[in-house]
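Generate the whole structure from the sequences, applying the supplied hints.
Residues per chain, in single letters:
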Amino acid sequence: MIDWETQLKLQAYLDGELSEADRAEIAGKVAQGGEEAALLAELRQTRALLGGFEEGIKMPESREFFWSKIEREIQRPARSEPARLGLPWLARLRWLLAPAVAAALLLVAGLVATRHDGSARSAAGAEIETAQADTKAFTYRDYETGMTLVWLSYPADSEFASQEEIGIIQ
Amino acid sequence: MTEPKHSSADDQSLVRAAQQGDTAAFEELVARHRDKVFARAYSMMRNEEQAIDLSQEAWIKGWQRLRQFQGDASFGTWMTRIVINLCLDELRRQKRQRAESIEELDAESGGVERQMPVVLVNPTSGLERAELRERINRALSQLSYEHRTVLVLHEFEEMEYKQIAKTMGCSIGTVMSRLFYARRRLAALLADLKKQD
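In order, the protein sequences belong to chains G and H. Heads up: the first sequence is residues 1 to 170, going by my numbering. Heads up: the second sequence is residues 1 to 197, going by my numbering.
None of these hints come from the bench; they were simulated from the model. Glycine is no exception: its CB is placed at the ideal position from the N, C-alpha and C atoms. Each statement offered as a hint is correct.
Which chain G residues stay away from chain H? Per the calculated CB distances, all over 12 Å, these:
1. Ala21
2. Arg23
3. Ala24
4. Glu25
5. Lys29
6. Tyr140
7. Gly146
8. Met147
Covered stretches of chain G, as calculated for chain H (at least 3 residues, CB under 8 Å):
9. 36 to 48
10. 68 to 74
Covered stretches of chain G, going by a simulated chain H footprint (3 or more residues, C-beta under 8 Å):
11. 6 to 20
12. 51 to 63
Okay, structure coming up:
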């Protein structure tokens, strides 16, 4: 029975991945015949069987059909690009509008929080409310710590509104 | 269809033209290398439909990353590396979704290959080329994806042990062990198929 290390060395010998010293040692063992030579022959035979195997594998779709699918995909962004570039001033304006709207909502929420007289506090000393004007803005108040948290949950429909925004007022 | 001027151009010229946005040049590159890219995907996935989808995805990625191609390796090699990575991602995703079979787990745990009897005769002698291909196909399909992938990367992609280890995210020792098992199991499977005749 060949030990595990020698088995792996025989394989590495076949693959040309052995050091000079190990190569000489394995070559000596193989030259004596026996199990080492038989195992090496099997590994070599399996390797030879796989040679050229992939050459017979052909793409089953026609050149035209396969390319048409790729072409459709690689031209997709190119078609949408001019539409976006058509109104660059609008894109810039939207960049400015998004933070401005968020800041305005934070300000309103802050003002409401500072005018609150505490009569509507819950038993836990905290409450959550949604402003009717904007159903995607939530306000959380903790009266004990004097913290107001405004959560603006806007859809990530563009490159400039990809995450929910959170504002904290204390 | 590709303009005639592209059909005689070499890969380097086509890549340069495609990098400038020439889709006809890219089409010619696809035509030249699509079989090789598909074959690599098929060897790894063992499923024609998935291999078509993944090779298509590889070509789209190739187009998108074309500017990153520096020409260190040949264009064909660059493309096969893209499809290999896509296949590995897909195989890992599939593995996460299903429990591995007991046989695969046994194989992965190692040790079995150390006691396998040596196959002394050529189990494929006397076979027609098509029959030989079919038997190897069936035998490859019975290997776990880890063993098959190591075999494909070594025998078809001609990667060295350390390159395979890097690609698969494992140690060189694991690569050697998996490759050894894959070869020995393949030999045994082919011998079994011959006995069944």
